[in-house]
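Trainee: The numbers in our numbering rise by one with no breaks, and the one at position 281 of the sequence shown is 1417.
Worth flagging that the hints you see were computed from the coordinates, not collected in a lab. Where hints are given, some of them may not hold.
The calculated DSS-like cross-link candidates involving lysine-lysine, where the alpha carbons are at most 30 Å apart (straight line), are [claimed, not checked]:
| # | residue 1 | residue 2 |
| --- | --- | --- |
| 1 | 1194 | 1431 |
| 2 | 1333 | 1288 |
| 3 | 1288 | 1194 |
| 4 | 1288 | 1337 |
Because the structure is a prediction, the values reported are computed rather than measured.
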Amino acid sequence: MKNGKFFGLGLLLIVIAAVIGFSFLRSGQPDQVSITGLVGGEKINLLENARVKEIAKKEYGLTYDYRKAGSVDMVQPGASDNFQYLFPSSQFAADLQEYLGGENQFSDIMFNTPIVLYSRHIVVDVLIKAGYVTEENGIYMVDMAKLANAMKEGKTWADIGLTELYGDILVDTTNPNASNSGNMFLGLLANALNDNKAITKEQVAELKPVLKAIYNKIGYSQTSSSDLFNQFLKQGVGAYPIIAGYESQWLEFSKIEPNVYNQVKDDIVMLYPSPTVWSSHVLIGIDEGAEVMRKVMLDEEVQEIAWSQHGFRTIVSGTETDAYQDLPGVRKDIKSVMALPQADIMLELMEAVK
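Could you put together the complete structure from these sequences and hints?
Mentor: Below you can see the structure in the form of structure tokens.
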């Protein structure tokens, strides 16, 4: 009988110890949070990074999901219903969300990347001879004012000596009314047509028909920056002589598709517009659950991964590390930068090119 009592007491003590131990272990773990948001396509590889997911789950208790959406589309009224966060690719999109009456808990820049142009040597070599592009120490710069005026005047590729290509000199972009890279290029183009000065409200009426004519010639546009970049890589120079995109796309491509990158690297050229504009990737918290996502994205290791594996310039890295020292044509720093037109002016320009 005594043995039975001791056995029962021992079993009880084991159960109590197990409960206490489990509670102790649980006390050292973060609360578990699950959120879903709308994200620009160029950030999907970062969010799918296994180490980023591990940091989010183990260190912050966060499980995140997302749906791909254009930066302009995701901030339209009603678009954020049933989502806890938005992750567009520009400060303009964040400003537009508030301008259109959207509410948020916070709106913070996580990382940046400049808008660049992508082309191929057969095109760039002719652009250099024609004075549109300069090259110094392997860095290619494009004179945006000169390129914009060529588009305005309807100059053809044949006019500058590139008889292999048909049609006018144009830059393919994503849809400015749906996607950020296209939207930012629209603002950059408008300023370039104004001698690289930010356009004013009084100048909009004069510029609208010029921009409308250019975009009518460009024709159909993709709604995702990642889709356009992939089409550029696959379809060749005849389909896409020049496109607008993000610097991060080429840097990331060199890391996640090294074999394909090595096959095409000698043909493709990344061009920095002079001036360019920053694409600031802004995390917008729709409800309080998104606060954990902000902590994850600002985690020092996540910031380092964002640069070294995905090409986003960040607060803790972006020029200090040598992640891309063997990648030709990457600027150490970005100095020639201008601001986009104000939000109300951008909305007028967007309406003009619909």
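Trainee: Check each numbered hint against the structure and report the violated ones by number, ascending.
Mentor: 3
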